[in-house]
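Build the full structure now, drawing on both the sequences and the hints.
Protein chains: 2
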Amino acid sequence: MTRQQLIDTIRSKQTFLCVGLDTDPTKVPKHLLEAYPNDIGAAILAFNAAIIDATSTYAVAYKINTAFYEAMGTSGWTLLHETINQIPGDCLSILDAKRGDIGNTSDQYAKAFFIALGADAVTVAPYMGADSVQPFLDHNGKWTIALALTSNPGSQDFQQLLLENGQRMFEVVIERLCSWGNPDQLMLVAGATRGADLATVRALAPDYFLLVPGVGAQGGSLDDVCEAAMTKDCCLLINSSRQIIYASAGPDFASAAKTEAQRLQQEMAQWLTKKS
Amino acid sequence: MTRQQLIDTIRSKQTFLCVGLDTDPTKVPKHLLEAYPNDIGAAILAFNAAIIDATSTYAVAYKINTAFYEAMGTSGWTLLHETINQIPGDCLSILDAKRGDIGNTSDQYAKAFFIALGADAVTVAPYMGADSVQPFLDHNGKWTIALALTSNPGSQDFQQLLLENGQRMFEVVIERLCSWGNPDQLMLVAGATRGADLATVRALAPDYFLLVPGVGAQGGSLDDVCEAAMTKDCCLLINSSRQIIYASAGPDFASAAKTEAQRLQQEMAQWLTKKS
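Protein chains in written order, with my numbering: chain G, 29 to 304; chain P, 29 to 304.
Worth flagging that the hints you see were computed from the coordinates, not collected in a lab. This structure is a prediction, so every number in the text was calculated from the model and none was measured. Think of the CB as a built atom: it goes at the ideal place given N, C-alpha and C, for glycine as much as any other residue. Careful: at least some of the hints might be erroneous.
What the hints assert, rightly or not - If you anchor each label on the Cβ, the simulated ranges turn out as follows:
| hint | chain 1 | residue 1 | chain 2 | residue 2 | range |
| --- | --- | --- | --- | --- | --- |
| 1 | P | P116 | G | A277 | 31 to 41 Å |
| 2 | G | N113 | P | I143 | 24 to 34 Å |
| 3 | G | A224 | P | P211 | 32 to 42 Å |
| 4 | G | Y64 | P | G194 | 18 to 28 Å |
Here is the structure:
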């Protein structure tokens, strides 16, 4: 999906919601575990498929947290593949893998995610610099989503360090990332919990899509994010994971997820009207 | 393997060599591909098993680059597991995965690598801070190996940034990492290509093992590393990947790998005598 197609989809569906499929095997509803005895993989796939089916009207992207699947070993990798295949064509499939390594290794990761698994986008960690990010950018028609300012408490430890030129670490990271990739191939991760710094991120990267985690369970606010970082083309993908997929632990988990996704979509539609 | 057991093993085997199993499917010797028609996984496993068998006398660790296995999809994950099982008990199994994510996600990765795959050690990326590293440190009896100063050209982009207090980024990263983990549970990655900075790394982390990539194909020198960073307890694991595993592309690949590993071991034995 190109940048323009993504903007058009956001306008037509009136949403910029990304649903996070951080599916924890210990949180799959009991009735699904009972429906697939001794096959946790099948239970998780049924869970993911039901969540995707219930929420895709209200979403433009799904972010799959690879860690939760890799923790399952070999069967998790199969499940990752099958989950990607469930995502409809009008939604981006994002693998939240946060990879980054020396050139020949990043090249292997890019192939793993973009080709073997067929994802549209993958998150990358920038600490190792240009040659660790470039192999992802080299895949035409795919998206590289680089960590800039993350939503977790530890983002204070290094990302906020003050440099001798007066900038903070994350600001230099954003400037360099934007010199390596253009807005048609690169997005940035910027946490919803970062308050005023989100406006700084937007000022440094005016035309780039931001993938924003941290709304909901982590405490970030949709309104604050839109106020600080929404553009006339939107240029935001706001992720919600636990708040949607664990809205209910009962047999009504999918309809509860739908209600929550629809609620967020309606708030987003108001912001789209306000900022367009 | 505890820190003391590792030091004892280094002394008794007279080596601190880590062999990097960055096994690229396109570089597996032709005769192995022919021996396992239509089963690249079996050919790679045969390759890895032969390399491990030929080199384990001269090594104390194997570093498996997960990217090369993940690029193969589901079968790669199985292969990762089977390769770890080939590593003898007197050698550390290191998964070079460079992970790091918010706390609940890093916790999933730690389980994937330490429990599902049974590795002794895993490499982590520090950009997201304390809560991204802690879940790895929480596994007793396992090793967390954090990126400090990497061997690739891109290490200049962010790791060398000068901070307002006069330190460079990688120095603060090392100081904070060492405040989170002690030398019995944490090692640091420091590239062989970093010259004088290796001595700085050692000064900041006098008792920590350093995992040193970049000797050989990337241009680093064993002598320079030992001069700058070896301690009386050694505290170095020097990695060589391509120089050993691709020493020959013919039917003699294992014996060529053995010759190369033995050559490095003999150089290392001299340094152990010199510095003890």
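Against the structure, the hints:
{"no.": "1", "hint": "P/P116 with G/A277: 31 to 41 Å", "result": "45 Å, violated"}
{"no.": "2", "hint": "G/N113 with P/I143: 24 to 34 Å", "result": "28 Å, holds"}
{"no.": "3", "hint": "G/A224 with P/P211: 32 to 42 Å", "result": "39 Å, holds"}
{"no.": "4", "hint": "G/Y64 with P/G194: 18 to 28 Å", "result": "59 Å, violated"}
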